[in-house]
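Protein chains: 2
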Amino acid sequence: MQALTFIKSNKWEIIMRDSNRPSLEDVAALAGVSTASISRCINSPQKVAEPTRQRIQNAIETLGYVPHFGGRALARNRTNTIGAIIPTMDNAMFASGLQAFQETLSAAGVTLLVGSSNYDPDQEFDAIRSLLSQGADGLLLIGAARPEKTQAFLTQHAVPHVLAWCCPKTGHSPSVGFDNQKSGHDIAAHVLAHGHRKLAVICGLREGNDRATARVVGIKQAIASQSDAQLLGLEECKYSFEEAGAAFAQLLTGPEKASAVICGSDVLAVGALLQARKMGLRVPEDISITGFDDISLAQVTTPSLTTVRVPQHSMGRKAAEVLLALLNQEPGQNLRHELMTTIIDRGTLARI
Amino acid sequence: MQALTFIKSNKWEIIMRDSNRPSLEDVAALAGVSTASISRCINSPQKVAEPTRQRIQNAIETLGYVPHFGGRALARNRTNTIGAIIPTMDNAMFASGLQAFQETLSAAGVTLLVGSSNYDPDQEFDAIRSLLSQGADGLLLIGAARPEKTQAFLTQHAVPHVLAWCCPKTGHSPSVGFDNQKSGHDIAAHVLAHGHRKLAVICGLREGNDRATARVVGIKQAIASQSDAQLLGLEECKYSFEEAGAAFAQLLTGPEKASAVICGSDVLAVGALLQARKMGLRVPEDISITGFDDISLAQVTTPSLTTVRVPQHSMGRKAAEVLLALLNQEPGQNLRHELMTTIIDRGTLARI
Numbered sequence: 001m002q003a004l005t006f007i008k009s010n011k012w013e014i015i016m017r018d019s020n021r022p023s024l025e026d027v028a029a030l031a032g033v034s035t036a037s038i039s040r041c042i043n044s045p046q047k048v049a050e051p052t053r054q055r056i057q058n059a060i061e062t063l064g065y066v067p068h069f070g071g072r073a074l075a076r077n078r079t080n081t082i083g084a085i086i087p088t089m090d091n092a093m094f095a096s097g098l099q100a101f102q103e104t105l106s107a108a109g110v111t112l113l114v115g116s117s118n119y120d121p122d123q124e125f126d127a128i129r130s131l132l133s134q135g136a137d138g139l140l141l142i143g144a145a146r147p148e149k150t151q152a153f154l155t156q157h158a159v160p161h162v163l164a165w166c167c168p169k170t171g172h173s174p175s176v177g178f179d180n181q182k183s184g185h186d187i188a189a190h191v192l193a194h195g196h197r198k199l200a201v202i203c204g205l206r207e208g209n210d211r212a213t214a215r216v217v218g219i220k221q222a223i224a225s226q227s228d229a230q231l232l233g234l235e236e237c238k239y240s241f242e243e244a245g246a247a248f249a250q251l252l253t254g255p256e257k258a259s260a261v262i263c264g265s266d267v268l269a270v271g272a273l274l275q276a277r278k279m280g281l282r283v284p285e286d287i288s289i290t291g292f293d294d295i296s297l298a299q300v301t302t303p304s305l306t307t308v309r310v311p312q313h314s315m316g317r318k319a320a321e322v323l324l325a326l327l328n329q330e331p332g333q334n335l336r337h338e339l340m341t342t343i344i345d346r347g348t349l350a351r352i
Numbered sequence: 001m002q003a004l005t006f007i008k009s010n011k012w013e014i015i016m017r018d019s020n021r022p023s024l025e026d027v028a029a030l031a032g033v034s035t036a037s038i039s040r041c042i043n044s045p046q047k048v049a050e051p052t053r054q055r056i057q058n059a060i061e062t063l064g065y066v067p068h069f070g071g072r073a074l075a076r077n078r079t080n081t082i083g084a085i086i087p088t089m090d091n092a093m094f095a096s097g098l099q100a101f102q103e104t105l106s107a108a109g110v111t112l113l114v115g116s117s118n119y120d121p122d123q124e125f126d127a128i129r130s131l132l133s134q135g136a137d138g139l140l141l142i143g144a145a146r147p148e149k150t151q152a153f154l155t156q157h158a159v160p161h162v163l164a165w166c167c168p169k170t171g172h173s174p175s176v177g178f179d180n181q182k183s184g185h186d187i188a189a190h191v192l193a194h195g196h197r198k199l200a201v202i203c204g205l206r207e208g209n210d211r212a213t214a215r216v217v218g219i220k221q222a223i224a225s226q227s228d229a230q231l232l233g234l235e236e237c238k239y240s241f242e243e244a245g246a247a248f249a250q251l252l253t254g255p256e257k258a259s260a261v262i263c264g265s266d267v268l269a270v271g272a273l274l275q276a277r278k279m280g281l282r283v284p285e286d287i288s289i290t291g292f293d294d295i296s297l298a299q300v301t302t303p304s305l306t307t308v309r310v311p312q313h314s315m316g317r318k319a320a321e322v323l324l325a326l327l328n329q330e331p332g333q334n335l336r337h338e339l340m341t342t343i344i345d346r347g348t349l350a351r352i
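Quick note, the sequences are listed as chains A and B, same order.
Under full-length UniProt numbering, residues 1 to 352 are what the first sequence spells out, in order.
Under full-length UniProt numbering, residues 1 to 352 are what the second sequence spells out, in order.
What the hints contain is simulated information worked out from the structure, not anything from laboratory work.
It is possible that part of the hints are untrue.
Because identical chains cannot be distinguished in the list, a pair is counted as satisfied if it fits within a single copy or across any two copies.
Said to hold, decoys possible - Here are the simulated SDA-like pairs of lysine to any residue, each with C-alpha atoms no more than 20 Å apart in a straight line:
| hint | residue 1 | residue 2 |
| --- | --- | --- |
| 1 | Lys278 | Ile344 |
| 2 | Lys278 | Ala249 |
| 3 | Lys278 | Asp345 |
| 4 | Lys278 | Thr302 |
| 5 | Lys238 | Glu103 |
The following block holds chain A by itself, in its conformation from the complex:
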């Protein structure tokens, strides 16, 4: 047994660690580096050379070592509460994933408390501190982009957490999500395959939103790969019907008209669709519109949305399983789960 110290609620506690679990020393021996290097790799990966980082990561995965969480997960005063912080509760954008997350936790006797950040990093930080100071055993966070102070806080307090809606290839946070850039590429390639060459994009505010950013990167890549295709315009706005409608109208003011508008979320696509109707444009005869997410909204419009289905249900369930396994220190867990998105062809994309 080895003693490990960690901070919780501003007081120090001594926690005993089970000797059957792989230790930091085991990882160091396998990777052929010092334990200090591993700490550095975990706390400031950017300061570690890539080959070393990769070697350490491999050793961690081979041994099923759970970085960070050992101490805290063994704390005796588990509250059986887990926190989730989502960007917004509006429009059910995260609802079905959260619902599956909760159902899985509930079956394990764990209560979920949810905070909303309103897409604001400071509010997310407040919500993280609030949940932890009140004893949440672990957290679900959306996306991977957060300020250094938030990352440092999570690291310093060894907070068991899982990222969802993203699946970063770097960093050391466990994640259950999908490749937003690839999915963005896929839907744009799908639109191009339908013969569209003049395209426009409506996306969410990208600052601090790695999912919105990555989707646009993927969309642009797909368009750039087709020599005769053009991106005529791109508008960023909040996830509201009204703002998306205004963005859609703006995109159609230029001399050249797009034949398809690729939207970074279903909420944006529905806003575009409602605006198209107001402007007397038929969808998809006059203009095609695609969504992203496949939330309930997508199936109730007329025509219903051609969109990208995010596997919210399996993502939420898997995220809960990973987080529970971390808390229970179950060995051999895969800490990165990349799920697949699929394109759902409905009625808003025409072949031209």
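For chain A, the structure is supplied; the task is to place chain B on it using the hints.
Then chain B, alone, in the frame of chain A:
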């Protein structure tokens, strides 16, 4: 100054009460009863004769006395966290009210944590205990129907709380909501005024759901008041498109066909609308459908839903104001706010 004792986290604390606030004695003097009667009225209202209960309630309202919360609200270890427990996160049924609730709290520097009960009283009870044991200063709860053990827990622990989505005329919980029965009556009367005489109803599972129950009572009253009107059928189901679709199909199997289906929520109405389309029925030419709530879904269907607009935004904001006032012991607060619903005429109700 007078001393008041109350339980928090299983230990007794002595809290000082501001002498400017109306006291229990003030209420007793005005109502002409003993302070013990008032305690009994607050803790076990069913044990107090109705005229006495009414006299005490009037005195409480006249003086602006804040029952229960005085002690707890003065607790020095405020966490600046408020909890809300909603029946479901799906379909954004409670999202915009919750969003406004959160924005108002956030402006006051208070963090909101949300739990979901899945329409299950036991899960609601767990979430209440979880939020309180973790230090939530107060709670937002949806509806007024809950088991005796939950009520007793709230009373015993003097939990500052506000009910929303309902506005009960009895009971002593502060509430910010609307009259579900009257609103149900209104939409049914509106359908009848359009000439419909053969009606059917799809509602949510009513057990433990006072809002769903009251809406149906109101709908039935309106139908009963019109001698030549008939309620041909009523189906209860969960708030899902699929279950509502099945309920709709079931209602149309009989020999007599309804000309209008009144739904207890927009989610149910959208499920009915999608099913009508599958069955080749035109809405509203072949059958009229009405919703309830006016959530985002209602405006994106074709035709968009004729429904009852619940003032979610003002309800959420006002509920936050009432709860903050309780916590800050601001005097003279009105503890019951009944807001008005309005009928939104869109495209799913035909005149026949």
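Hint check:
1. Lys278 <-> Ile344: Between copies only: 19 Å across, 25 Å inside.
2. Lys278 <-> Ala249: within (10 Å within a copy, 33 Å between copies)
3. Lys278 <-> Asp345: between (24 Å within a copy, 18 Å between copies)
4. Lys278 <-> Thr302: Classified as both: same-chain Cα gap 14 Å, cross-chain 13 Å, threshold 20 Å.
5. Lys238 <-> Glu103: The answer is between: 16 Å across copies meets 20 Å, while 30 Å in one copy does not.
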